[in-house]
Each structure stands twice: as structure tokens, then as C-alpha cells.
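Trainee: Chains A and B supply the protein sequences, listed in that same order.
Heads up, the first sequence is in our numbering, so the first residue is 355 and it goes up one at a time.
Heads up, the second sequence is in our numbering, so the first residue is 816 and it goes up one at a time.
If you are wondering where the hints come from, they were derived from the structure by calculation, not from laboratory data.
From a predicted model like this one, the values you see are computed outputs, not experimental measurements.
Heads up, some of the hints might be wrong.
What the hints assert, rightly or not - In silico lysine-lysine, BS3-like type, Cα no more than 27 Å apart, as pairs:
#, chain 1, residue 1, chain 2, residue 2
1, B, 889, A, 369
2, A, 670, A, 789
3, B, 994, A, 372
4, B, 994, B, 889
5, A, 558, A, 670
6, A, 767, A, 789
Stated by the list, open to error - Examples of chain A residues lying across from chain B (beta carbon under 8 Å, computed):
#, residue
7, 414
8, 418
9, 421
10, 453
11, 454
12, 456
13, 534
14, 538
15, 833
Even for Gly, the Cβ is constructed at its ideal location relative to N, Cα and C.
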Amino acid sequence: MQKTDMLDLIHQRFKQLKSDAAFWSLRFVDERSRYVSVRQNVADAPRLARDCGAMLTVYDRGGYGYAATADLSTSGLQGALDRAGEWARATAGSSVLPPAVSMPHPRGARESPGTRETPPTSRELLDLALAESAAAGFDDRIVDWHASIEVAEADHLLLTNQGGDVRQHFRFMVPDASATAHADGETQTRTMSGRGFCRQGGRKVLDDASFVGAGRRLAEEALTLVHAPNCPAGTMDVLLMPDQMMLQIHESIGHPLELDRILGDERNYAGTSFVTPDMFGSYRYGSDLLDVSFDPTHDEEYASYAFDDEGAAATKTLLIERGILQRPLGGELSQQRAGLPGVANTRACSWNRPPIDRMANLNVEPGESTLPEMIAAIGHGILMQTNLSWSIDDSRNKFQFGCEWGQLIEDGKLAGVVRNPNYRGVSATFWRSLKMVGDRSTFAMLGTPTCGKGEPNQGIRVGHASPACVFADVSVFGGEQ
Amino acid sequence: MEARFLELAAMLDRSLQPGEIYTACFSAEDTDFIRFNNGKVRQPGSVSQSHVSLDLIRGKRHATCDLTLSGDAKVDHPEIQAALSDLRALIADAPEDPYLLFATDVRSSVSRRPGRLPSRDQAIGAIVDSAHGLDLVGIYAAGRICRGFANSFGQRNWHEVENFNFDCSYHHHQDKAVKASYAGFEWSDAALAARMDMARDHFGRLQSAPRTLDPGRYSAYFAPAAMSELLDMMCWGGFSEKQKRVKQSPLQRLYEGRVGLSPLVTMTENSAGGVAPAFQGEGYLKPDRLALIAAGQPVSTMISPRTAQEYQLRENGADGDESPESVEMAGGALADADILSALGTGIYVSNLWYCNFSDRMNCRVTGMTRFASFWVERGNIVAPLNVMRFDDSLFRMLGRNLEALTDTPELLLDNHSYDRRSTSSARLPGALVRDFSLTL
Chain A
355 MQKTDMLDLI HQRFKQLKSD AAFWSLRFVD ERSRYVSVRQ NVADAPRLAR DCGAMLTVYD
415 RGGYGYAATA DLSTSGLQGA LDRAGEWARA TAGSSVLPPA VSMPHPRGAR ESPGTRETPP
475 TSRELLDLAL AESAAAGFDD RIVDWHASIE VAEADHLLLT NQGGDVRQHF RFMVPDASAT
535 AHADGETQTR TMSGRGFCRQ GGRKVLDDAS FVGAGRRLAE EALTLVHAPN CPAGTMDVLL
595 MPDQMMLQIH ESIGHPLELD RILGDERNYA GTSFVTPDMF GSYRYGSDLL DVSFDPTHDE
655 EYASYAFDDE GAAATKTLLI ERGILQRPLG GELSQQRAGL PGVANTRACS WNRPPIDRMA
715 NLNVEPGEST LPEMIAAIGH GILMQTNLSW SIDDSRNKFQ FGCEWGQLIE DGKLAGVVRN
775 PNYRGVSATF WRSLKMVGDR STFAMLGTPT CGKGEPNQGI RVGHASPACV FADVSVFGGE
835 Q
Chain B
816 MEARFLELAA MLDRSLQPGE IYTACFSAED TDFIRFNNGK VRQPGSVSQS HVSLDLIRGK
876 RHATCDLTLS GDAKVDHPEI QAALSDLRAL IADAPEDPYL LFATDVRSSV SRRPGRLPSR
936 DQAIGAIVDS AHGLDLVGIY AAGRICRGFA NSFGQRNWHE VENFNFDCSY HHHQDKAVKA
996 SYAGFEWSDA ALAARMDMAR DHFGRLQSAP RTLDPGRYSA YFAPAAMSEL LDMMCWGGFS
1056 EKQKRVKQSP LQRLYEGRVG LSPLVTMTEN SAGGVAPAFQ GEGYLKPDRL ALIAAGQPVS
1116 TMISPRTAQE YQLRENGADG DESPESVEMA GGALADADIL SALGTGIYVS NLWYCNFSDR
1176 MNCRVTGMTR FASFWVERGN IVAPLNVMRF DDSLFRMLGR NLEALTDTPE LLLDNHSYDR
1236 RSTSSARLPG ALVRDFSLTL
């Protein structure tokens, strides 16, 4: 069945559903993906996937419930709606939600860029991956290498009992490659931005990612790393490139600003937050140079959309402005629970999990420094690139991150490459040490397909765009001596 | 559910063209999820889902497809027929796969473990009552989980469990909390109440002023839940034959004899003692027990069919990721009653959080203490700990610095539910370790 026929069919069946609940909705997701992967010049079996189902949601008299089903017949959907209503009634007297909840009934549509172009065939994708693999394994010290591309198309439909009707079509593209070198008992791996090159769009994504040529480039870098000295320990300035800034933003700004964490929902699993409701509007999160935006409007960024999964219209909003904390990452329901303004970020990973507060696109806005200017301004420091390791406490404060690639900076000039670069700090003070922000020439749009959170657990797509940035007086160290 | 699976397999048998082979993995669950915050219900609901992963094979060429199933054969069977057509087109254009290997000896099996689960209202009532007005946060997940395997040689494997997993924490203030869990197959309100009473006993210890430690080396006791976080890191590629071959196993230096673990360390993949299915994705059966480390020395790695074919080895029932699903660590001699006195002065770590490698080749791991971890002096709990970061090598912690293991390993049922509810488990002791490195 064609996807538009399927959406129309679901819409027709939705009209036949019955419930006396104050609010009820249907959220339908139909995602189709193709994946090709080549490891050490041997192609894995090409993989297709289709995941398709619906979640029915009810808010009624202070209760809430959901039911997810892949039975998309009218009776299957009605059964799920009935179950959601039963949950709402069963929990109305014991719910943490406010007695009256107001949900939107939006109408609109969106589609990803590149959606109307013919997507690459699986054979084209495979040939691209085979070529990068062939280019990577040129040296006996390269002991492992791979190249892969995933293309996914997803249709999301949200219908509400008072006429809400939102249709969004997404095309995601995730090229990836890696090379691992081994010599003298040491192993080092280079990847394409730590699988961070995730975007919406068509063939242009592969060009923007410089996928062609990645195999050889990563293998050469892995060989450089495997013979490089261990990263020295000390306190120094750190220049973080966008594919590490992505992780720094994600863990130490994104998660602590999620309003459901602040409200305590995540304390048993993903954790709480050092941020408290009274901080918004006054708390100095970072230096004056720090502007952080929730921006689902960059068409090509990984988590762009027009409406979130509860139907709130998405707009660009500054969460941190000139270093001062302005508002949390909280969707419609969290805003009503907390009495705080928020953004349109209530999202679910698919049809089988309920929407919760997520990051979507969370970006650091570009500044005014070029990369040469930032390097020239560092007397003793290190450039770090591509996230490898991440760990942070459950309040999202004490962190330790590691990168694939380190390069020392001495007297304003790039010096030798070092392996196993790590740094640690505390979110509440780290961003105040931000002393230079790169301009648009240093800006990159990245993301991750697997941000984990929620009970039940959900891994979701998020986007992060950032310039390179310099932080002062950071505790840096290497691997085991 | 099993009837649907068998019907689907029969349909696949009928749909093959000459020269074609298939393998199919089936998974399904009907789960009630009830999420709690502030001792009340936050997000309750039901998820009913089933999926099939199909591998269509012709000679040495193959292609795979994952599909959601509606449960209605009139909808699903045409969808699968369409998928088979797509796979045939892919296979025609795909290169040969020299590492393709799948079971051809038919070894069918059936495993059912029925449970006694509470009704929705019983679960909500018992849990809200057990909170007694305290700030309880967590998730209750319960229902039937099914896994199946079928191939065109006629093999059929079925695995079905009904279980529940209530994972929660009682929060005192800020990040100070006591973790509790109640998981199993036979629900009992009384057993739940007993577990929660025990957690509330620990809760009282959070009232003291918390202690912040200076970075340095400390004696530490790791409860089984904390050990689970550490051993998860070891299992992240550590026992994979493929990772070992491509020099990326965190246990590489152990395999090469450059480091050793304590003779106290014995680890086994105990499939017979876990709740995961006894078959893997290409149709091979798992051995009841696979020795991984014995008395500190590596014994076996986990070998998937693909790795076996690549390196001309014998597969040993591992799935493609070659990770343990039912890992067991042998206990030692330390009685639970003697833990604090054996620790003397140091830290009691109930839970760890967010572990990751800071130097994978040296099995060096960083992470955080979490929930009710305590400062202990002369065998007495003195104060709760403010969260501390550690950064230490498991080669040290489970090597020369490992002093003792508790004598009664604890069964921990994995509560993860990414995509679907996990069937992994671990049976682990607590561990007493000296010179544990705290860094921040």
C-alpha cells in the first residue's frame, strides 16, 4: 500500500472511533529503512525494515492512559482507544498530573528536504560503501574497517478528537565509516564524527559528509594515532571541535534542561538535574559568549519538525542567552505541570512508546572567531575532536569525556597528535569558562540516532549544530601509563 | 501467540521458490507499563507488538527484512509476500557473503514459563500503598514476552515467559535515594511490601549530612547491582571473538597474557540459569553453560556463526553481537553479615551509573556512584556519599586489588526496554576492592 493511501486509511478509520473522554488522539508512525554495510571489504546482507503502528492516548478527568498497537483495523484501533481510556479511569485518583490538562488540536504538514528526489538505490549505496571499504584497508596495521549508509523514510500522522490533523514526512540519511589501526600492542580507531553525521535530506547529505574519501582518510588518521604519544595530563585550554561540542552540549546542557527531569520523572533511570525551576531567567549558565537555541527549523538538521508528537508548533527559541538561562526543554504537558514556559519538544521514538520531553535540535549559536584565531589565542592547550567516551552524573553535573583525536597547541600553533585525550569538569562551572566561540566557518550540523531516556526506555534522534569553542583551564589527561 | 508464529512459518515455507532458504526470528510482547513519580502514577499504558526478522538466502547471497506484524494473517501475510519480493530483488544484486552460516540440523525446542501477574488495578493499588506517602519514582512492567525461531528446514524454537519487573527508588532530597526492585514470575503483594520495607529501612540512613570525599584511593564494597554496571563494561565486546581478532576487545591484554585477573574471578555464560531464549538468530542452540573466565584465566570467547565461518572456528551459540545475556560470576567466601566489618573504613557502593571506557585497551572505566552509597568507618555506616566520579582499570579492580567476593550471588533481571523488554539477566556477588580510584 502506498504511504499516502495508508495515511488516508488511518484517517478514515479514526473518524469511526468513539470515546467519551475529554481529549483523545491517535499518533501513527510508518517508518521504512534500508541499510547497507561493508566490513573489511565483505558486504553484510542488505537490510530492509518497516515499523508501523499507532498509539492511542486519552486524557480524562485527571487521568491519562495510552495503548499502542500494530493492529490498524478499525476494531484494533478502537480496542486500543478503549484500553487507553481504561488506564485513564483507573489512574484518575492517583495521577501526578493536574486535574485539567489542555492539549492542542493543530493542523499542518511538513516534509524533509530532498524528499521529492529519487533516493539512491540499494546497489548505489552498496557501491559507495564498497569503495570506501576498499580504500581503507591499504596497510597491514589497519586491522578492522567498515563503511555503511542508512536511509530511512518516516510518515507521522497525529489526529485529535477536535480536528487536529498533522502530517509530517521525514527522510533521514546516516553515512558512517571507521578504521582501526593496531601496532605495538596499541589499538586506535577513527570514525566519521562518532556516527554523528546524521541529517534529514537526500543525496546532498552524502556530499556534505564527505563520505567519498572517508575510508582512506580515517585509516590514515588511525595510523597516525596508533603511533602517537599518550595525551599529557594537566590544566590547559581546550579547543573542542563540533563533533565533540555535540556531545558536550547534549550531556551538560540538553539533559539538565529537560523539564521532566526537573519535575523528577526520570530520577529512577536517566537521572535528575542540577537545574531547579527558580534558576530560569537569572542563572548564569555560561559566559556572555554562550547562546543556546532549541531550533527545529533548520531543514536539514536531524531532529527538525513542524510539530512535536503532542501537536505543539515548533519554533526557534533561545534557551540560554548571553550565558543566562532562559527557559527549559519542556513540552506542553510539562509546562502545565511546572507553570513554566517551554518549547515544542514532546517526542516519542516510535508508535510504541509515549511522548516525553526530548532535546530535538539543540544548538550553540556561532560567534565571531575563526579557527586560526582560536588556535593563535592558545598558549598551552589541546584541540580535541570526535567523541569517543561519555559519562556524567545523574544530576548532569560532574562529567568526563574522551575523544578519538587530540592535537597539542603550543604558543598559538598546532603541534603533535596525541592519543586517548580525555577531560573532566563540572557542568555548573564549565560553560562559564567558555572564552571563544567559532564563527560560521567552524559550524557543523551533526546529531545522534540513539539518545537514551525514559521508562519504558526510548532511543531517539536528536540534532546538534555547533561551532568550535575554546574553554579555559580544563583538567586534561590521557590513557593508562 | 505460538500458533500465530507457527502459521507464519508455514506460510513462509509455502512461499519459497526453488533454491531459496529462509531463517526467521519472531518476537512479541503484551506489556503493561506503569510509570511512577512522587508516589503517584505518571504515565500508564499498554504496548502490544510483534515483529519478524526474515533472512532470505539463495546460495551464498542473502538479504534481511524486519517487519512489524499486526497479528492479523490477512494483513501480515501479504505484507511478508511483498517483503519477499523486495528481498529477491536485493539478492539478485547483492555480492556473495563468504561468512554466511546458519543451522541446518533441525533442533526444535519449546520453553514456557508461565507467571502469575497482578491485574492492572492490583498493581497500581499495591505500589501506591507501598509508597506510604514517600517520594517513589520508577516503572512497573509486566506481561508476556515471546521469542521464536523458524527456518525452511523445519526447525521451530519457541520461548515464552510471563514476568514482571518493578524497578523503583525512594527519594529523600536532591539526588539522595534508595534503590529497590521487585522482579519475578509470581507476584505477591506481601513480597512487594517486604521489599519496600527493606528499602525504607535504608532510607533512614540518608538523613545524615552527606559526605564529599577528596579524590584518592579508597577501600570499597560494590553491591551486586554496582558489580552489574562494571561487568556490563567487560561484556561490551570483551568476550567477543570477533573483537578479539580485530584487536578491539577491552580484555585484549588478558587474552595476550599481559595482565591477569584475581583467581577469585570465575565467569560463565549460564544460559540454562537465565531467562533468555536457548537459541540464537541463525538457529543454533546455546550450550547450557559456557566458561568465559576460570580462576582469573580466560577460557572461551563467544563465537557467532559469522565469526566462526570467517576464522574457521566452531560457533558456540552466540548471537551476532557476541555478548553474554545470562552472565554469572561465582561467589566467594564473604558472608553478607561480614561485609561492613571486612570493609572497615571505606565506601559502600550500592549502585554505579553511566560507566564508559576512558581507556578501552586497558579496560579502564569511568563512572559515577549513585543512589544510596555510604561512607563507612570501622565497620559502621557513617554518612551518605555525595556522588563521586571514579576512573580505574578493571584489570586492577578485579585483579590484584580484589580482596573478596560475597558468598551468595544475586539474580538481577535486566529491566531495559529499548524497542522491547529485555530477557537478559545476571547472577553476581558483591565485591570488596582496595585502592579504588575516585577522581572528582
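Trainee: Hint by hint, note whether the structure agrees.
Mentor: Each hint tested on the structure:
1. 889(B) / 369(A): With a Cα-Cα distance of about 23 Å, the restraint between residue 889(B) and residue 369(A) holds, given a limit of 27 Å.
2. 670(A) / 789(A): holds, 25 Å
3. 994(B) / 372(A): violated, 42 Å
4. 994(B) / 889(B): violated, 46 Å
5. 558(A) / 670(A): Judged against 27 Å, a Cα distance of about 24 Å means the pair holds.
6. 767(A) / 789(A): holds, 18 Å
7. 414: Where the cut-off is 8 Å and the nearest Cβ of chain B is about 13 Å from residue 414(A), the hint is violated.
8. 418: Nearest chain B Cβ about 7 Å off; hint holds.
9. 421: Holds. Min distance 5 Å.
10. 453: Violated, about 13 Å.
11. 454: Violated, because the Cβ-Cβ distance from residue 454(A) to chain B comes to roughly 16 Å (cut-off 8 Å).
12. 456: This hint is violated: residue 456(A) lies away from chain B, its Cβ roughly 18 Å from the closest one there, beyond 8 Å.
13. 534: Holds - the Cβ of residue 534(A) comes within 8 Å of chain B, reaching about 6 Å at its closest.
14. 538: violated, 11 Å
15. 833: holds, 4 Å
The structure fails hints 3, 4, 7, 10, 11, 12, 14 (numbered hints given earlier, in ascending order).
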